[in-house]
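K.L.:
Under mature numbering (1 follows the signal peptide of the UniProt record, and there is no 0), residues -28 to -1, 1 to 380 are what the sequence shown spells out, in order.
Check before you lean on any hint, since a few could be wrong.
Claimed, not checked - Pairwise CB distance ranges, derived in the manner of DEER restraints:
1) Y251 <-> S9: 37 to 43 Å
2) G357 <-> L238: 23 to 29 Å
3) N37 <-> I176: 38 to 44 Å
4) A296 <-> Q204: 27 to 33 Å
5) L238 <-> K5: 36 to 42 Å
6) Y156 <-> N358: 27 to 33 Å
7) F8 <-> D213: 21 to 27 Å
8) A214 <-> G357: 37 to 43 Å
9) Q86 <-> G216: 54 to 60 Å
10) I145 <-> S9: 29 to 35 Å
11) R356 <-> A296: 27 to 33 Å
12) I322 <-> F301: 37 to 43 Å
Keep in mind that the hints were calculated from the coordinates and are not lab data.
Every residue gets a Cβ at the ideal spot worked out from N, C-alpha and C, and that includes glycine.
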Amino acid sequence: MIFRPLHCARVLMLLMLFAAFRAPDSAAADALKPEFSGFATLGAVTTDRDDMWFMRYGVNYPGSNDPDFSPDSLLGLQASLRLLADNDVTLQALVMEDGRNSYDPRVTLAFFRQTLAPGLSVRVGRVRAPFFMLSDSLYVNYANPWVRPPVEVYGLNPFNDLDGVDFIYHARIGDLDAEIHPYYGRSTIPFPQGKARLEASRGINLVLTQGSFSLHFGHTRAQLEIEYRDPQHVALAADLDAAGLGSVRSELAGGDGRASFDSAGLQWDDGRWLVSGEYVRRRADRYVTSSSAWYVSVGRRFGAFTPYVSFARQILDEPIARVALPASFAALEADWKAYLTSRNNAQGSITTGGRWDLSPTAALKAEFTHARLDRNAWGSYFPRGNVQTNPIGGHTANTFSLSLDVTF
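Construct the entire structure; sequences and hints are all you get.
P.N.:
Here is the structure:
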């Protein structure tokens, strides 16, 4: 059974009441003590270009302010409540700009967890979508060394929450700590003038840890639905229909897509050096590109200060549609190429930055990124002007980011 956010909250409240009546008075008094925590980021980003804005696709709406506070700033609150000795509930709410320029609070976690056996637990409700090595700390920016995870990699799958069920099993294999994490569910995200949905998302993760070193592997498959309602899509779809190319239009949006996502990551942290890297690959038969991406990051701690450098790259493997317009429709060629470019986020970048730990619960970060967009791509940017007369593909951009991250 898949739970929606409101249903999750109601179910969790019923479970709390059930536990209070079921447990002895003294046990209930000890168990029903909620734990509260929170996290926040105040971030600003600016670029040296007047023809494009920095944007985290699937996360925030393209902003017109410079500096722009919307890509990274957020506030999150979390409450956990142990019901009985072997189960608990967690609720998390987040305030952050979404893809529709809204700051309405939204539920990002709402699950009931039950221990089934030593080392084995099940969670039902809204959980974090575990597509990346750092998915669990994706919103808690204090836990990450950078201002934000590399957008080339983490922008390739913007689905962060999963409504469904997952199992987490911890085991000891020789000198290795192993975590096996199968899951099933659905997820929806809004973006400018449209939305995307994963249905029947099923996958499995494996994490192996030995001392300072850890490895992550993940694989998932899902049904993909995307609705585009932006003017560029609407105009092109109308032109394709008028030209009798409805079969081409069906490749651009709809509810019949299939997608898979694979990830592999490593991290080494001995207290002084911090080395991490990930490789991810998205495959889709329509609606979005099939792309690959990677990053490598190295940092060195000098007391409270940690300088770092990161290299990242996203590569287009297959365009959003694998059909070519017939030569007789040359009049649509320019619009067709512009449309494919707008759905391509391929770019490469180098980032240098530093983190200053002000206290055990606060960190100040600053970083400079030099990015080069692929020739027929928008990369992690959004054009300010006419994309036909002033394309941004192939250009370079320098981006400066500053953030204050806290936990409480």
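K.L.:
Range first: 38 to 44 Å. Now tell me if the beta carbons of N37 and I176 are that far apart.
P.N.:
Since the Cβ atoms of N37 and I176 sit about 42 Å apart, the hinted range of 38 to 44 Å holds.
K.L.:
For the hint 29 to 35 Å, verify it against the beta carbon of I145 and that of S9.
P.N.:
holds, 32 Å
K.L.:
A range of 54 to 60 Å was offered for this pair. Does it hold for the Cβ distance of Q86 and G216?
P.N.:
holds, 56 Å
K.L.:
Per the hint of 37 to 43 Å, is the separation of the Cβ atoms of I322 and F301 within bounds?
P.N.:
holds, 40 Å
K.L.:
Please test the hint of 36 to 42 Å on the beta carbon pair from L238 and K5.
P.N.:
holds, 38 Å
K.L.:
Lying within 27 to 33 Å: is that true of the beta-carbon distance R356 to A296?
P.N.:
holds, 30 Å
K.L.:
Has the hinted range 27 to 33 Å been met by the Cβ atoms of Y156 and N358?
P.N.:
violated, 44 Å
K.L.:
Given a hint of 23 to 29 Å, does the C-beta separation of G357 and L238 actually sit inside it?
P.N.:
violated, 41 Å
K.L.:
Should the hint that A214 and G357 are 37 to 43 Å apart at their CB atoms be regarded as holding?
P.N.:
Violated, at about 27 Å.
K.L.:
Taking the Cβ atom of Y251 and the Cβ atom of S9, is their distance within the range 37 to 43 Å?
P.N.:
violated, 32 Å
K.L.:
Given a hinted range of 27 to 33 Å, is it respected by the beta-carbon distance of A296 and Q204?
P.N.:
violated, 19 Å
K.L.:
Would you say the C-beta atoms of F8 and D213 sit inside 21 to 27 Å of each other?
P.N.:
violated, 54 Å
Figure legend: structure checked against the earlier numbered hints; hints not met, in rising order: 1, 2, 4, 6, 7, 8.
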